[in-house]
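Engineer: In case you want the letters, here they are:
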Amino acid sequence: MMKQVGFVEAEMVSETGLNSSPVTKGALFRASKPAVSIPQQRADAMDSLSKYREFFEAAYTEGALDRKTKHLIALGASLSAGCDP
Amino acid sequence: MKKIEEGIRGKYAKVAVNPERLFKYPIGRAGLETLKYDPDILQSLPEAVLESFCGVGNPFSLGEIKEGEDVLDIGCGGGVDTMIAATMVGPAGRVVGTDMSSEMVERARQNLSLTHFNNVSYQESSAEDLPLPDQSFDVVISSGVFNLVSDKVKALKEVFRVMKPGGRIMMADQVLTGHLSEDVKARVDNWAG
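So the protein sequences, as listed, match chains S and C. Numbering follows the working numbering, in which position 63 of the first sequence is assigned residue number 63; successive positions increment by one, without gaps. In the working numbering, each residue carries its 1-based index in the second sequence increased by 1000.
Simulated from the structure, these hints should not be mistaken for laboratory data. Backbone N, C-alpha and C fix where the C-beta goes; we use that ideal spot for every residue, glycine too. Heads up, a few of these hints could be off.
Covered stretches of chain S (in silico footprint by chain C; criterion: 3 or more residues with CB under 8 Å from a CB of chain C, positions within the stretch not fixed) [to be verified]: (1) 6–16; (2) 28–37.
Quick list of in silico lysine to any residue cross-link-like pairs, SDA-like style, CA-CA up to 20 Å [claimed, not checked]: (3) C:K1157 - S:S37; (4) S:K25 - C:K1154; (5) S:K3 - C:G1010; (6) C:K1154 - S:S37; (7) S:K3 - C:K1024; (8) C:K1036 - S:V5; (9) C:K1036 - S:V8; (10) S:K3 - C:F1023; (11) C:K1164 - S:E15; (12) C:K1154 - S:A77; (13) C:K1157 - S:A10; (14) C:K1164 - S:R53; (15) S:K25 - C:D1138; (16) C:K1164 - S:Q4; (17) S:K25 - C:N1147; (18) C:K1164 - S:A43; (19) S:K3 - C:D1138; (20) S:K25 - C:V1175; (21) S:K25 - C:T1115; (22) C:K1024 - S:E15; (23) C:K1157 - S:V8.
Take these sequences, add in the hints, and give me the full structure.
Structural biologist: Here is the structure:
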C-alpha cells in the first residue's frame, strides 16, 4: 500500500509486543518519500536534454567551416573512435 | 463506515477523560517504559502528560529525529509523542499533532499547557484530509491510528503530500493476524481497540 502511494524503502521492522486484541499484533513500520520527485526527475532530464540541444546547435552553427563539413568531420572522428555515429 | 467512525469517536472521547481500563495493553508511564522510550525525556515531562499515553509502539525507535526538523503526529491523542518529538527537534523545530477527536485535541492542549513548549500545535482533523500545506514536514509519526482509518490509501496519500522530499514516516500500528468476529458490535469494538 505504501509503495502504491509512492513511498520507497517501505518495511515492517519489528513487532512492538503490545497487542490490542487476540487477532492483532503491534508492529513498527517505516518508509521514505524519494528525495527528488518523479516530476522533478523528469524536469531535470528535460533540462539536460535542452542543454545538450543548445550545445549541439552551437557546435554545428556555420562559421569558419560550414555545417556539412562539421558533420563529416564528426562522422570521421566517431568512426575512428569506434563510436556509433 | 459511519458507524465505525462514531464508535471510534465515542471510545476516544472516553479515553480523553480517563484511558484506564479501555486498552488491553499497558498505557501511561507503564506503556512508555515497556516500549523503551528515552527515560531522560520521560523524566523531563509532567506525570500528568505521561498518563495520557495510549500508543501501541515506539515510533522514535525507527530512526533519529534531528534538531530543527518539522514533525507531524497523525492521531496524536493526548499529545505525549508530540512533546517527545518537540524535545528532539528543539526550539528550531516544529511539531504539529492532529486528531479526529475534538476531546483528544482538547486533552493534548491541556497537556501542552503543563509544559514549556512553544513549538507544538494541535489541529482537529481526519487523517484522510489533513489541513496542512504540501511538503511541510521532515518526519511523520503515528501510533495506533492507521488501523482505525477507513480509507488508508487516501490517508497515506495525504502523508505523502505533506511530507518534504526525502521525508520519513515512522509508524506503530496494529496488524490483523486472524479473523474478526462477524458480530457487528465486536467489529466496531475491535476497530476502535
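Engineer: Hint by hint, say whether it matches the structure.
Structural biologist: Each hint, compared with the structure:
no., hint, in the structure
1, 6–16, "holds (count 5)"
2, 28–37, "holds (count 10)"
3, C:K1157 - S:S37, "14 Å, holds"
4, S:K25 - C:K1154, "23 Å, violated"
5, S:K3 - C:G1010, "33 Å, violated"
6, C:K1154 - S:S37, "19 Å, holds"
7, S:K3 - C:K1024, "31 Å, violated"
8, C:K1036 - S:V5, "31 Å, violated"
9, C:K1036 - S:V8, "27 Å, violated"
10, S:K3 - C:F1023, "31 Å, violated"
11, C:K1164 - S:E15, "27 Å, violated"
12, C:K1154 - S:A77, "56 Å, violated"
13, C:K1157 - S:A10, "14 Å, holds"
14, C:K1164 - S:R53, "32 Å, violated"
15, S:K25 - C:D1138, "28 Å, violated"
16, C:K1164 - S:Q4, "18 Å, holds"
17, S:K25 - C:N1147, "11 Å, holds"
18, C:K1164 - S:A43, "18 Å, holds"
19, S:K3 - C:D1138, "19 Å, holds"
20, S:K25 - C:V1175, "5 Å, holds"
21, S:K25 - C:T1115, "33 Å, violated"
22, C:K1024 - S:E15, "16 Å, holds"
23, C:K1157 - S:V8, "13 Å, holds"
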